[in-house]
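There are 2 protein chains.
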Amino acid sequence: MTNYTIVGQPVRRVDGFEKVSGRIHYCVDMAEPGMLCARTLRSPHPHARLAALDTRQAEALPGVEAVVTAADIRGTNRHGIERPDQPVLVPVGERVKMIGDPVAAVAARTEEIAEEALGLIRAEYEPLPGVFTPQDALAPGAPHLHDDAPGNLISQYTSGRGDVAQGFAEADAVVEGTFVLPRQEQAYLEVEGGLATIDSAGVITVYAGSQRPVFIRKSIHLALGFPEHKVRSISANTGGGFGGKADVSMHALAALLAHKTRKPVKLVWTREESFLMHPKRHPFWIRAKLGAKRDGTFTALEAEMISDGGAYASHSLIVVFAACSYLPGPYDIPHLQISGRSAYTNNPISGACRGYGQPQAVTALESLIDWLARDLEIDPAEIRLKNALELGDAPGCPRVVLDSPPTLPLTIREALAAAGELPPPSGPGKKTGRGLGCAMPIFDISTHDTADMKGVGASVEVFPDGTALVRSGVCEIGSGLSTVLAQVAAEELGLRLGQVSVLCGNTESTPDAGPIVASRQAYCSGNAVRLAVADVRARILEVASDILHADEGTLELAGGMVRVRGNGHAIPLGEVTKVCHRTGVNLLGSAWFSGSHAPAGHTFMTTVADVEVDEETGRVRVLKMVNAHDVGQALNPLNVKGQLIGAAAWGVGYALYEEMRASDGKLLTPTLTEYITPMSLDGPEEWQAVIVEDPYPTGPYGAKGVGEHGTNTTPVAILNAIFHATGVRVTEMPATPERLLRALKQQRQRV
Amino acid sequence: MTNYTIVGQPVRRVDGFEKVSGRIHYCVDMAEPGMLCARTLRSPHPHARLAALDTRQAEALPGVEAVVTAADIRGTNRHGIERPDQPVLVPVGERVKMIGDPVAAVAARTEEIAEEALGLIRAEYEPLPGVFTPQDALAPGAPHLHDDAPGNLISQYTSGRGDVAQGFAEADAVVEGTFVLPRQEQAYLEVEGGLATIDSAGVITVYAGSQRPVFIRKSIHLALGFPEHKVRSISANTGGGFGGKADVSMHALAALLAHKTRKPVKLVWTREESFLMHPKRHPFWIRAKLGAKRDGTFTALEAEMISDGGAYASHSLIVVFAACSYLPGPYDIPHLQISGRSAYTNNPISGACRGYGQPQAVTALESLIDWLARDLEIDPAEIRLKNALELGDAPGCPRVVLDSPPTLPLTIREALAAAGELPPPSGPGKKTGRGLGCAMPIFDISTHDTADMKGVGASVEVFPDGTALVRSGVCEIGSGLSTVLAQVAAEELGLRLGQVSVLCGNTESTPDAGPIVASRQAYCSGNAVRLAVADVRARILEVASDILHADEGTLELAGGMVRVRGNGHAIPLGEVTKVCHRTGVNLLGSAWFSGSHAPAGHTFMTTVADVEVDEETGRVRVLKMVNAHDVGQALNPLNVKGQLIGAAAWGVGYALYEEMRASDGKLLTPTLTEYITPMSLDGPEEWQAVIVEDPYPTGPYGAKGVGEHGTNTTPVAILNAIFHATGVRVTEMPATPERLLRALKQQRQRV
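Line order of the protein sequences matches chains F and H.
First residue of the first sequence? That's 1 in my numbering, and the numbers climb one at a time after it.
First residue of the second sequence? That's 1 in my numbering, and the numbers climb one at a time after it.
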């Protein structure tokens, strides 16, 4: 399909061996001589006024080197992705707004001393009434949580076109449902943690996982009042992010303690702190209604949704925007009326989580489509094909511009072809069913103004020996992006993958590349690295053209050589770069990719899930999961398959197992013991990732984003398979055996 | 004199407080958890065959983690600035060529264990006859030291013009002398040392002082066979270099041990190792002859010189070239014949040392001029003014192009004016005298091909808060360059100095800027940083022009604001950069300065030294030292004065105290106890640095180089002052009391 050498090849990850061999260092492995250990004192109340704080006893404990409170902070003491509404430390006299809000932190010679010191801090609270659902939060008389916000509404979004009343009037069938979608935990293997150091010039460096080092730098600058040129954020190895590391976690507190003690300070969260503190997938309540004509043609979609933002805004504005705007999906629906709101509560924070509002929206729409298909006695694939967007249609999502024939039909056909026949039940009392889930997922290119995501830098340095180093501000959070960037540089320079290193996510050494979120970085940084190579490549070819007495246009880089096409003349790249080095030719290529025609790219995908439902136990076994995704051009098919299969595992969790429950602001599933994620035995018995390639004109080699998309379609494919197997319309997730048994019982009672 | 705000101001060094307060970390302070300590086994023989090496007992010593020999090395096992002739470790069967040549190294849990292990390594040598003067080395039948060199000659250089025989025939007076110039030690406060680490991807990082991290990277790559993309060299704080840290020192061995142990390895040399192993100022023997007409007009200069390169070439090629080519100095001499040679011996290595061949040449020429002036009864200043180069003259140095009226006369007049009257002797038996030393020192811009010094990169990142970070590959070795680069960036961005940080000398984070040698970096990196700011400044002004509704040409950056000239409208820079950050405007400015019209810049300077000689003790007291230097434009007058006064102290040492003596290849002055450098009480009682400013068209703000130049003229000014006080022609340096007493006695006997 391609003429590339390394791009498009299923190469192993450049950091794979380090990772599987356990050689790589994560935050818990970090150490510095003379390092202190830190712990954080957190509010036990979901809503209370911090009345008093006495740290004297803790300060007097031998081995304690510093106790910090809000009084130590010279900056705004606020951080937040979309609004600076979250305190680094809650000041005395102000309010804690969630269980876990930090009020003090201790740095001590050992973690045990730091923990003991926490017990010696006297914090007095005046408890206040809390609010624990967004519906309550927006009701009149609800406690007003943020003084500087007009009310508890974080954001609302409304969009529409046509006239939905007319649309439903034209419909021959209308289905409606209210979907209750749970809070989902990212449950990355590596908890939040890291190390802050201060050098003799007062430069603070925070070594810790994140999804955007530049945001960490900026947040520390604003919250603590250190100028940005004196703050560095280095995010080398991060054991999973999935949106949960897009915000500030331990970074600011570690920096504050390092600044106060002038020593290195390590601060690693416990799993309980991680679960409690980082933003998770928003719980959503979606009421949605879809109408269609007898032939299946959709006439109208109406939806209203509300999401629980938790105590601080984090990504709540854009997540509700994403859920609303992507709700109409890959279909041509003439009449639309969609609105959504998010609200502050005294619950744990909601924020970015793989899929970012889309899984909730897709679950609602794709469930309705299957119900409608059943009512109209149309095949689920047929009804989707019938309504699929075509070139010239105006998508319901205002951010998407259809610039080439949509590939939804292709992904539906390929997914079904790969899925083969639905297997019969394995025994009595069991039923099998097949479900489809389709979507038009997006990948953000320049995205919203609020997120400072426009523009992506990269540099590629070619060394005199002809090897190369890619510098990219993107963090390697496990997505395999460093491998993809190495492939791009190797491809463009004609090198082997092992001749290229990648230095990632480090404000000291790498150009800003924006966050690794929104499935954007293979596209954005892939393009930036390609441009950076082009910059240095042009200079190398100019020198090579002199050496080889050949026109630059006839030269190519391949197999470690600079070759003249046609006459067979060639010289090793390392010989040319040695000449460059000696004669003062700049071997550092730089680029700034500032996006393309659209703020967001889009693509199409289809999931087919086959399940078997045990009607006696309510247990659902996922037999097969096929994800067919139009990736434009797979830069690394192995990695693409990994993303699709990983997303399928998330889908299994979201559909069947995962629910981060809270009551009065307190997590009822505070550790991995209570919070159930699918294990390897819970996954589909057969996974298939089908790569569909329809090159994207502005993508690097035609690539589109892929990272998160499988989380959009896989959960609802499972729900639809349950529906097809049993007729049960699951509207509250996860579809646990208890819930399913109850639904099956109700169904039997109805019959 | 200037319209600049920060450039030209005598600002304190940006790293001054850290340094004087002892907060800064040098190599001995470095530590990493689990770090090993290393020691090196060195040859006790100046020339011998390494017959056998048995490391088994050392390896068995508890606490020893690795012993390395040449057998562990997969690369060329060679390094060297100009020729790769120096082994990282001498292999069994091959020859050690100097005392101190390394044959093995140990990494152990403590330095004491490593030292003990050295004693357990059995190294057997077959001693060979050595050669200890360059004259002997070039004599027929001398032991041939380097198998892959045709003989012991490292290099020779010859230049001439006109006909010296005719020139001397036209002369009314001719003087001749043979000057014996000693080996001089840089004696920096910080010895060589540092730390090598290896990460899980196999990337080796060496944290250690150097004068060019890129050269260290390249040397490790070649010598050890690691690809360049897997080697990083970080040279943060270096306590003095003066040329002595331009070569590889402990870097390769530390890298080898880290690679073998996969642990951090610290290797710090003792003062004895430092004295023994790093290249020092070349001993020179210069026979020179100068003729002039009765009116003082020079007619001919003839010289022949030979220098002792020691066991390995290091910088010997270019140092002898520099000494020869700069010998004719700032004078118009029609007939020239100059030749020079350097040779291998079994002595410690000679290499780069502040002045780089010029102090030796200047000492010879400027001595002859004063002798000639005395013979012709012409004032020493007058004879220099009479012969000073004028615009249109062809300098004797082929690398210098006179592109503006030479400023030698100006520096002579300003130096003499500043010096005032020569004081009378302080008592009986004492005599006072005044000496002049003049030179046309150079600063290398793109310099010789062999040194890979063409092209200088820099980047300047402006942060959303309006502060900035300069990234430069130059090492801060104590010259104050980081302050100068911060000044340039602050000047161009209209910031305060404290709003700019500088990250230096680090192949991980900074663009290559070539070595900090040859007084080149204020010029080269000053220009590169200025260009890097211009790159980002243009984008910032474009955005500001939109915000302020003003033409970009009317905007200026000053006082932290972007101002419209004329109408008083202004906006803080930080507001504009926040808009840039949000809208995706690249805030990283990059530049590559690839030199200017000439390979070397030149300037002029004059030293006036007043001394008092005690004829009874032979002791010389330097009463006053005035250095008048045309610096083009002083970027930081305080720093320029520091350089001139520092160089004056070197001159005192070179003229009166310092001599690194060796006998049969063994240092007779192996530590700071035996090797005498001037202390603060030995310096001139009055120092004056006179800044002459004749802007250099291509220099940043007109700046010229200045770093080393005072070492050229200050020694001979002292010798000439002794001559004027006593009539003694010092031809062997240093002019110790013993030598001076002997000369005074011979003089009395002649009278």
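Some hints could be false.
No copy is singled out in the list; a pair is fine if it fits within one copy or between any two copies.
Stated by the list, open to error - Derived lysine to aspartate or glutamate pairs resembling EDC-like cross-links, with alpha carbons at most 16 Å apart: (1) K293 <-> D54; (2) K666 <-> D403; (3) K293 <-> D147; (4) K386 <-> D148; (5) K263 <-> E32; (6) K745 <-> E94; (7) K263 <-> E575; (8) K289 <-> E176; (9) K431 <-> E111; (10) K745 <-> E18; (11) K19 <-> D199; (12) K431 <-> E421; (13) K578 <-> D379; (14) K293 <-> E556; (15) K578 <-> E82; (16) K430 <-> D148; (17) K289 <-> E421.
Just so you know, these hints were derived from the structure itself, not from any lab.
Outcome of the hint check:
In this assembly of identical chains, K293 and D54 lie within 16 Å of each other by CA distance neither inside one copy nor across copies; the values are 69 Å within and 91 Å between. Taking identical chains as interchangeable, the C-alpha atoms of K666 and D403 are never at most 16 Å apart, the minima being 47 Å within one chain and 79 Å between chains. When the C-alpha separation of K293 and D147 is checked against a cutoff of 16 Å, the pair qualifies neither within a copy, at 49 Å, nor between copies, at 93 Å. In this homomeric assembly, K386 and D148 never come within 16 Å of each other (Cα to Cα): the closest approach is 49 Å inside a single copy and 80 Å across copies.
Proximity of K263 and E32 under a CA criterion of 16 Å is satisfied in both settings, with 9 Å inside one chain copy and 14 Å between copies. When the C-alpha separation of K745 and E94 is checked against a cutoff of 16 Å, the pair qualifies neither within a copy, at 50 Å, nor between copies, at 89 Å. Neither within a single protomer nor between protomers do K263 and E575 lie at most 16 Å apart by alpha-carbon distance, with minima of 46 Å and 33 Å respectively. Proximity of K289 to E176 under the C-alpha cut-off of 16 Å is restricted to the intra-copy arrangement: shortest distance 4 Å within a copy versus 107 Å between copies.
In the homo-oligomer, the alpha carbons of K431 and E111 never lie at most 16 Å apart, since the shortest distance is 53 Å inside one protomer and 72 Å across protomers. In this assembly of identical chains, the alpha carbons of K745 and E18 never lie at most 16 Å apart, being 51 Å within a copy and 75 Å across copies at closest. For a Cα distance limit of 16 Å, the shortest separation of K19 from D199 across copies, 12 Å, qualifies, whereas the shortest one inside one copy, 30 Å, does not. In the homo-oligomer, the alpha carbons of K431 and E421 lie at most 16 Å apart inside one protomer (15 Å), although the nearest pairing across protomers, at 112 Å, exceeds that limit.
In this homomeric assembly, K578 and D379 never come within 16 Å of each other (Cα to Cα): the closest approach is 65 Å inside a single copy and 53 Å across copies. In the homo-oligomer, the alpha carbons of K293 and E556 never lie at most 16 Å apart, since the shortest distance is 58 Å inside one protomer and 65 Å across protomers. Proximity of K578 to E82 under the C-alpha cut-off of 16 Å is restricted to the inter-copy arrangement: shortest distance 15 Å between copies versus 48 Å within a copy. Taking CA atoms no more than 16 Å apart as the test, K430 paired with D148 passes in neither setting, with 56 Å inside one copy and 84 Å between copies.
With identical chains, the CA atoms of K289 and E421 are never at most 16 Å apart, being 31 Å at best within one copy and 102 Å at best between copies.
The earlier numbered hints that this structure contradicts are 1, 2, 3, 4, 6, 7, 9, 10, 13, 14, 16, 17.
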